[in-house]
Every structure is written in C-alpha cells, then in structure tokens.
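Once you have looked at the hints, place chain B on chain A.
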Amino acid sequence: MTPLTNNPMKTLHLSQHTPYLEDLLCSELSCMMTSTYVLKPFDGRTLDFLDALSKSILADKTYNRRPEIAALGFWLRKSQLTKMFQEQEHLLNDPQYKVAPLGKVFHICPANVDTMFIYSMVVALLMGNRNVLRISKRMDAPHVLGLFEKLNLLISTQKFTLFKDYINIVSYDHNEDISTYLSSASNVRLIWGGDSTIKTFQSFGKAARTKDIVFADRISIMILNAESVLSCEGKAWQELLRNFYNDAYTFDQMGCSSPQSIYFLGSPKGCELARKKISCGLEEFLLNEYENDISSLASLKLNRMVDDALNGNILTHTGNNLFRLLELSESGDSSSLHGCGGGYFYYRDCEEIAELEVLKVPKVQTISYFGLSEDSKRHLEDLAFGEGIDRIVKVGHALSFHYIWDGYNLFQELCRKVFIER
Amino acid sequence: MKVDDLLNVPQYSMFQADKDKMMLELMKTLHDHHLVNSLGYKEIFNRVFKSEVNFNSINDLPFLPVSAFKNHKLLSVEDGDVFKVLTSSGTTGQSVSKIYLDKDTARLQSVALSKIIAHVVGPSRLPMLIIDSKAVYENKSSFSARGAGILGIAPFGKDHTYVLNENFEPDEKVLENFLEKYNGQRIFIFGFTFMVWQFLQKANFGKKYDLSNAILMHSGGWKKLVEMAVDNQTFKQRLEDKFNLLHIYNYYGMVEQVGSVFMENKNGYLHAPNFADVIIRNPIDFSVQPIGEPGLIQVLSVLPKSYPGHSLLTEDIGVLEGIDDSREGWKGKYFKILGRAKKAELRGCSDTFNK
Chain A
5 MTPLTNNPMK
15 TLHLSQHTPY
25 LEDLLCSELS
35 CMMTSTYVLK
45 PFDGRTLDFL
55 DALSKSILAD
65 KTYNRRPEIA
75 ALGFWLRKSQ
85 LTKMFQEQEH
95 LLNDPQYKVA
105 PLGKVFHICP
115 ANVDTMFIYS
125 MVVALLMGNR
135 NVLRISKRMD
145 APHVLGLFEK
155 LNLLISTQKF
165 TLFKDYINIV
175 SYDHNEDIST
185 YLSSASNVRL
195 IWGGDSTIKT
205 FQSFGKAART
215 KDIVFADRIS
225 IMILNAESVL
235 SCEGKAWQEL
245 LRNFYNDAYT
255 FDQMGCSSPQ
265 SIYFLGSPKG
275 CELARKKISC
285 GLEEFLLNEY
295 ENDISSLASL
305 KLNRMVDDAL
315 NGNILTHTGN
325 NLFRLLELSE
335 SGDSSSLHGC
345 GGGYFYYRDC
355 EEIAELEVLK
365 VPKVQTISYF
375 GLSEDSKRHL
385 EDLAFGEGID
395 RIVKVGHALS
405 FHYIWDGYNL
415 FQELCRKVFI
425 ER
Chain B
1146 MKVDDLLNVP
1156 QYSMFQADKD
1166 KMMLELMKTL
1176 HDHHLVNSLG
1186 YKEIFNRVFK
1196 SEVNFNSIND
1206 LPFLPVSAFK
1216 NHKLLSVEDG
1226 DVFKVLTSSG
1236 TTGQSVSKIY
1246 LDKDTARLQS
1256 VALSKIIAHV
1266 VGPSRLPMLI
1276 IDSKAVYENK
1286 SSFSARGAGI
1296 LGIAPFGKDH
1306 TYVLNENFEP
1316 DEKVLENFLE
1326 KYNGQRIFIF
1336 GFTFMVWQFL
1346 QKANFGKKYD
1356 LSNAILMHSG
1366 GWKKLVEMAV
1376 DNQTFKQRLE
1386 DKFNLLHIYN
1396 YYGMVEQVGS
1406 VFMENKNGYL
1416 HAPNFADVII
1426 RNPIDFSVQP
1436 IGEPGLIQVL
1446 SVLPKSYPGH
1456 SLLTEDIGVL
1466 EGIDDSREGW
1476 KGKYFKILGR
1486 AKKAELRGCS
1496 DTFNK
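Which chain is which? The protein sequence lines are A and B, in order.
According to this note's numbering, the stretch in the first sequence is residues 5 to 426, in order.
According to this note's numbering, the stretch in the second sequence is residues 1146 to 1500, in order.
Chain A with its partners taken away, still in its complex shape:
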C-alpha cells in the first residue's frame, strides 16, 4: 500500500486477495467511510471548487494543443455551471419531491485518452454524490494525469479539503475482488469503456439496488450536404475543416461519438465533387495538424481495407493514409461498421435523408451534420423517434459533452427523488 495522504489519486498495490481487503479499501477511500452528505445539489462550495479547477486548466499552457481539455476547462466555468443549474429548474424545484444524492458513485473509466469520464464525475459531484474513479493501470496519458494532479493540488488546500471525501481516484490492475467490493458498496456504477467492460462488470456482484449507468459501444455518423460543402469558402471552409478534424481526429476517430461513416447528401455529381473537395482540403490540413505514427496508420488501414474487401463491405476507396474514404457496398452496414480509426471513413451518397432509415437502430449514437436545410433537419429528428440515434449535433460538436448523453439526462440519473406528501 502506498502511504496515506490527503490526495485523491492513489495507486493501490493489492495484487492478491486479502482478508482485510475491505478494511484496507475503506481506510484508503474516504468516500467509502463517511456517511454525512453535506453538499447540496449545485452547492456553492462545489461551484467554487469546479471554477477553481476550470481556472487552473485554462491557465495551463501545456493544454494549448489539446482542444478537448480546453473545452473541459470552459465547461467547468461558473457561468456554464450556473446555466446548467438553471436548466435543471424542473428537477430541483418540483413541489412533489426533494432531490437527494444517490450516494456513492463508482466510475469505471476508459484506459484510452478519452476524458469523458471527468464530465460524468462532475455531474455526479454537482448532485452531491461521492465519487470513486477506477483508472486503468495502463492509463498513462500525461494530459489526464495532469488533471488528477490539479485535483490533488486543489484538494490539498484548506479551502477545498472537504472534497477529499467526495473524490477518490484509484488505479489498480484487473482485480475482481476490489471491483466486486466497490461494486457492492456503491449506489451507482457508471461504466465507460464499451460492451466488454460492461459485461465484465455486470458479471461482478453488486447490491440489489446498485444502479448501472452504462456507455456501450456505439456508432456515429456524419452527414455532409454536398452543395453546402461546394459553396463553402474562405474562413467558413477553414472552420469546417477544423470542425471535421476535432470530431474525427481528436481521439483518432476512436471515440464513440466520432464519425465512422459519412453520408454525402445530394446529386451523384454533387456528391462526387464534394468528396473531392473535402479530401483535398483535409489532406492538406492533416499534413500540418495530425500528429500520429503515419507508418502504423498506413499498415492499419491497408489491413482493414483488405478485411473489408474480403468481407464485401467496400467497393473502392479514395484518399491517402491520413484521410481515407471507402465506398460502402450494398451490403456494407453503416449502422454497425467500425473502422480502424485514424482517418478511415466509410461513405455512401444519398439523395434524401429518408434513405438513412438504416440508422434507426440502438447502436447509432451521434449524427453530426453540415449544411442541412431545416426540412432535412426535421427529417433527421423524425428518424430519431424510434430505438436509435441519441444525439443530433452540428459537425464540430460530436465530442462536445452535454449532460444529456446517450439518451440519459445525467443530472436526473444521478439523484434520488424523495417523495414528500404535502
């Protein structure tokens, strides 16, 4: 065991089952031992704490090249939080019930560079819950570790010492005993990391009333109106390229909300020209912006193209190894195909939104669009009335966190409603 400190980020060295496991965990994780909940929903102290975190993030120049962290910093500003508070009016001021925390929330965080779990932790904290975050031992992204350091620093100050009992971050190797204990001792498990992680955790025991909020594997789609792409010029064009890049390349196209397939909407000729224009634009843009091991990308993509060719998913392709466009075959299913990432996009041309019926399945999460008419947007909304499509956003906002995510309003999900008869 590492020595006790006041810091929320801990590394537990528990390789084997120990009969004292629960005692050890309880003594290490202050979230687990205290029972008085002092923070009210949107408590002033929480807002101060998060605002301080926001300032510390925004002041950090090392995040200049990480737009997703900067976005987190902006999202945590007091003005933003206050706006969210106002939007929860219906929830917090309903005369029929009073809102209370659910209690202890066990966050299972992904091992990649994704930072979405910070947002869900903040929502849980804003509702007054205590949070234990499990971070994979493999998680070594410096920008995420940097965030933990900032949290440590804040909590070590006199003013925010209270949050010691509200945020614990632990890192341990795959260990069923620890995971089972934390599962059964928590009121909520918030599971990022997709289908296999969800399955693994659901196989561990939990208390009967422990609630699971799961973020499963999803597929996201981009729709580009060909005419709008063709008429886009100058600053707006640069902005479109930047937005495309942010959505698709920030997490190497491996975030659940990053587009896997692109639909070009328009006449066959228009679609073809739009594809050429966007390819040219992006290839140049990526050459300067996208830092990745290009040899690995090249191998990954060639391998995947061969797989897709032999599985009959694709007909042909264009582009280069920074931006590759693969034409879907008749049988290639855009609602389930997930490419190898790093700029590997399936595409299909369509003349009307109605041709996107295939997307009405639970697997589809985000549809990001560019240049759609009001009419087309309405059609899109109609498509979402069914089992699939949880988010419809503009290109550039695919990864932007909103507390309404994956079909949940997380503020609602992370509280209890206490019925009080009047």
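Derived from the structure by calculation, the hints contain no laboratory data.
Don't take each hint at face value.
Straight-line C-alpha distance at most 16 Å; calculated EDC-like pairs for lysine to aspartate or glutamate [stated by the list, open to error]: (1) B/Lys-1487 - A/Asp-297; (2) B/Lys-1488 - A/Asp-297; (3) A/Lys-168 - A/Glu-153; (4) B/Lys-1326 - B/Asp-1355.
Structure of chain B alone, referenced to chain A:
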C-alpha cells in the same frame, strides 16, 4: 525467362534495369495466375487497388499486407494440392499467418534458399553448429518459428551439432569437441539473432575459442536486442572481439513470402537476390520512395505461386541505400531496416478492462 533461370544466374549479378524487366514479366504472370486462382486475391485487387491491367513497372503491382494471411485463408491451389503449411511465429493469443505451399512452390523455396546460402557459405555442405537446443523441436509453442527456421537451413550443412543442452544452457564440451574435430576447417554456424547474442556472445566459457574459420548466419529480428540497446554493429564487434568471428551475415525474411531472403552484405546492408526485390513506400500515399527516404518496406518475390504472396507490404520501416553500387560489387538494390510500425491498433472507448 523462367523462375528457374533467375535462380540459376549467379546471385547478386544482375543490374537492376535488367532485373526489373525480367521481374516485371514474371510478376505479371503471377498476378494473372492469382487473379484466376484465388478469389480472395481478386476481391482485394478489385476493391483495394485500382483495377488497372497494364503494369508498366513492378512499382504498379498491388501489394497485400502481411497480416492478410493471419485473418484470411488465401491460396491459389486446390486444398488437395497443399503440400505443407507454414505458420508464422506469434505469442499466445495472437493469430498466426498460414502460408500454403504446393510441391512446386516448396521446391522453389528450397532451391532459392540454397542459392543464397551457397553465395556466402560456398557450394559444399560445411560442418554445422546450431546455436539452439534439440529441445526446440519438442516445445510446441516455439516450434513453429525457431524449429522450422532451423530445419529450413539445416540441409545446407552437415554433422549438425546443437550447442545448447536440453535446458537451453550452453554446453562448452560440445563446442570444444566440435571445434577440435574440425580444427582449421571452415564451419557454418546458424542461430536466431537473439539466441546467438544470449548464448554465444554472452556465454561464460572456461576457454577462449577461435571462430575465425566460421561463417555465422543469423536472423529472427532485432526487437529483443534493440530493447537491450544492441545494434548490428555492436553485435558484430562483440562477436569479433570474443571469438575472432569475422564472417557474420544477418538476413531479413518472413515466412509470409517464400524466396525473400535479403542477405546482409559486407557493409551491413541487406541485399536483394535475383528473384526477389524490395520497394520502399511513402506511408502517407504509398508512393515509391527514392534512395535515402525511409518508408514501409514492400517485398516482392517471383516464387509464390501456390498462394498470393508475391508482393507484400510489411510493417517494417526501412530505407533504400543504393542500387547496383554496393562496395563488394553485388548488384541490385540494398537497404537497411530502421524499425517497425509501432501500433497494432488505436485504442478507443471500448478499452477499459483488458488486462
């Protein structure tokens, strides 16, 4: 020109321009053959490569990624004609490549290997010292790679003597007896690069042995040695210092492409034989890189007829060092390996609980 003719011309004797012409004809024939006989190859060609039929140079041929043989069964003969199946090395849990050889392709492979080995070892079979243990054939997990590798080379030597005992420890007595028996004669040493380093270079022998009459051939990759910060130059220098071992030949090849054996020349560069070649490709658009520009290594061989492995893109990164002008007079292209494309996959959301 037939494949056998290319094999029989003295190795490293062909100027690149002549070789290009001959290879192009043979490669076109192979391409057509695989198009007709391997549905998989045809699908890949039609969907991944531009369906051009006129190849003006070997640069225009399609190339399959080496991993294609891991995920798909690709062959251009009837199942009944498969004579032997080669498998690549792979750690537990990883899928392995399966390469299907018929009798003819297997024969060509063996002839090709003999031509290259004869070029450095000489035409007669020499007494052969193997830096490994006989136990390598018993261990199923390591057999496919090392065992098969040794068995492939063994026919080019005689009196095969394994320096390691059953427990994979160097047996000094065996070494001593072998060297006494062939005192002053030329001998042939073979081993995998890491094994040679670990069990010959680093072995604690009681006496000093002179291997100045020996020719060492080794292969199997540098990954482990790179981790130990040992490069080719260090490797050679230390063996020279310790055993006066002067004739050391590394070679680069892969189970996925029979015939591609790129032997190290005197200057430490890897050299293409007559019947195989190398093209360095720009990782951004797969265009051909000029001399001096690093890229992904494509390997070509005129041998693979029973399966479509005549043109493959590896995941290794290399750089072409020259053509027809190597210092010892070998003709054709020579290159060097710089490393390997690192990432096997990009990590996504669904990535929490893999151990």
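These are the hints, each one checked on the structure:
1. B/Lys-1487 - A/Asp-297: Roughly 8 Å between the alpha carbons, so the hint for B/Lys-1487 and A/Asp-297 holds.
2. B/Lys-1488 - A/Asp-297: holds (8 Å)
3. A/Lys-168 - A/Glu-153: holds (14 Å)
4. B/Lys-1326 - B/Asp-1355: holds (13 Å)
In the structure shown, no violation is registered for any of the earlier numbered hints.
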